[in-house]
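Enquirer: Residue numbers for the sequence shown follow full-length UniProt numbering, so the first one is 1 and each next one is one higher.
Simulated from the structure, these hints should not be mistaken for lab results. This one's a predicted model, so the numbers in the text were calculated from it and none came from an experiment. Some hints could be false.
In silico lysine-lysine, DSS-like type, Cα no more than 30 Å apart, as pairs [unchecked claim]:
#1 Lys58 x Lys22
#2 Lys140 x Lys158
#3 Lys108 x Lys63
#4 Lys63 x Lys49
#5 Lys108 x Lys92
Label-pair distances were calculated between CB atoms; the ranges are [said to hold, decoys possible]:
#6 Lys108 x Gln299: 18 to 26 Å
#7 Gln93 x Glu139: 21 to 29 Å
#8 Gln111 x Thr159: 28 to 36 Å
#9 Asn142 x Leu201: 36 to 44 Å
#10 Thr203 x Arg59: 20 to 28 Å
#11 Val210 x Tyr323: 20 to 28 Å
#12 Asn105 x Gln324: 24 to 32 Å
#13 Gly320 x Ser290: 20 to 28 Å
All C-beta atoms, glycine included, are put in the ideal place defined by N, C-alpha and C.
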Amino acid sequence: MAKGIPIIKRDDLIFAIKLLRKMRDPKTRFDEKEFIKSGRDYLYNYAEKNVGPLDPSKRAFLKGILIGIGAAAVLSAIPVISYLNQPEISLKQFPWVIIVDSSGNPIKASQIPVNNPEILLFEYPMQGDITFLLNLGDEKDNPIKVPPTTVVIPENGKTYTFPGGVGPNNSIVAYSAICQHLGCTPPEIHFYPPKYMKVGLPTPNFLPEVALQSAQQANAPGVIHCDCHGSTYDPYHGASVLTGPTVRPLPYVQLYWDSNTDYLYAIGMNLNAPTILGRTNDLSGYAYLSSYDQATGCQKMLLQSGQTPSNCYTELQNAGNTYQ
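Using the sequences and the hints given, assemble the complete structure.
Expert: Given below as structure tokens:
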């Protein structure tokens, strides 16, 4: 406990995020009536069915949530469950937001390390929609120009166009950090820079032989790989699918680079690409970005060098280096 704020273990936080996404997904909606009837047993069974096996730690975490919200009497938990199970809200258009650091200062594209093993994430288009920000390079950490490419959706055989990288070297890209198979999030899913493209590394950096071979065949120096079930994506070619079980590429966030200031903006997504997992539409979600301006809808705007935005921004967060 620090300054009255409970400390949540990283594993529990990841588990909670996955659980909330399932509770909000129309296909796996949480049944409040059944919860009233069966209480804790229903919550445990629901979590195990939709998120995965519950070890003692996760059961203790769920029990702590119930106790914390006064759910010994179950009914008192319903307001909280109702909040978690709230209906979606919609954006009229994709917002135009600038990517900033934790101090609110705009990120400069030229300062993003090439092949950075740290997990850099921002939210877009809505709160909770975590997105990788990657500056891609070759085996010698030289930036690689990421060209436009046609991406195939294995699920249905349809295609869409990925516009390529941006920045001084056209090497910066952004993809959803939510695995399109069952919704695993970092650190289970993360970027493997070229120098870590090897088999035999311990979890969470374990890379199976099939993923390495598929990357080599696709001419991908690095991959985005999910440890949960083995899905692998090619970030150099639109986050296309390299290995299953996923049948959907990672959705991309379209970036804009202002060469005058070196600032980066998130400006949209491709409606022909698969939606973010659990979403009926990429313009729908459960909470606006905290900086979202509902009056303007965060329409196109370019900041001058040195300006600090007061709204319409998304903060870049460092979720750590799994290779250390």
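Enquirer: None of the hints should be skipped; say for each whether it holds.
Expert: Each hint tested on the structure:
1. As the CA atoms of Lys58 and Lys22 are separated by approximately 16 Å, the hinted pair is consistent with the 30 Å bound.
2. At most 30 Å may separate the alpha-carbon atoms for a hinted pair to count; Lys140 and Lys158 exceed this at roughly 35 Å.
3. About 44 Å separates the Cα atoms of Lys108 and Lys63, which puts this hinted pair outside 30 Å; it is violated.
4. At roughly 17 Å between alpha-carbon atoms, Lys63 and Lys49 fall within 30 Å of each other, so this suggested pair holds.
5. Distance restraint check for Lys108 and Lys92: the Cα-Cα separation of roughly 29 Å lies within the 30 Å cut-off, and the hinted pair is therefore satisfied.
6. Distance hint for Lys108 and Gln299: a CB-CB separation of about 23 Å, consistent with the stated range 18 to 26 Å.
7. At roughly 40 Å, the beta-carbon separation of Gln93 and Glu139 lies outside the given 21 to 29 Å, and the hint is violated.
8. Between Gln111 and Thr159 the CB atoms are about 34 Å apart, so this pair conforms to the stated range of 28 to 36 Å.
9. At roughly 23 Å, the beta carbons of Asn142 and Leu201 sit outside the given window of 36 to 44 Å.
10. Between Thr203 and Arg59 the beta carbon distance is about 22 Å. The supplied range of 20 to 28 Å therefore holds.
11. Distance hint check for Val210 and Tyr323: the Cβ-Cβ separation is about 21 Å, which falls inside the suggested range of 20 to 28 Å.
12. Distance hint check for Asn105 and Gln324: the Cβ-Cβ separation is about 26 Å, which falls inside the suggested range of 24 to 32 Å.
13. In this structure the supplied range 20 to 28 Å holds for Gly320 paired with Ser290, their Cβ-Cβ distance being about 22 Å.
When held up to the earlier numbered hints, the structure conflicts with 2, 3, 7, 9 and fits the remainder.
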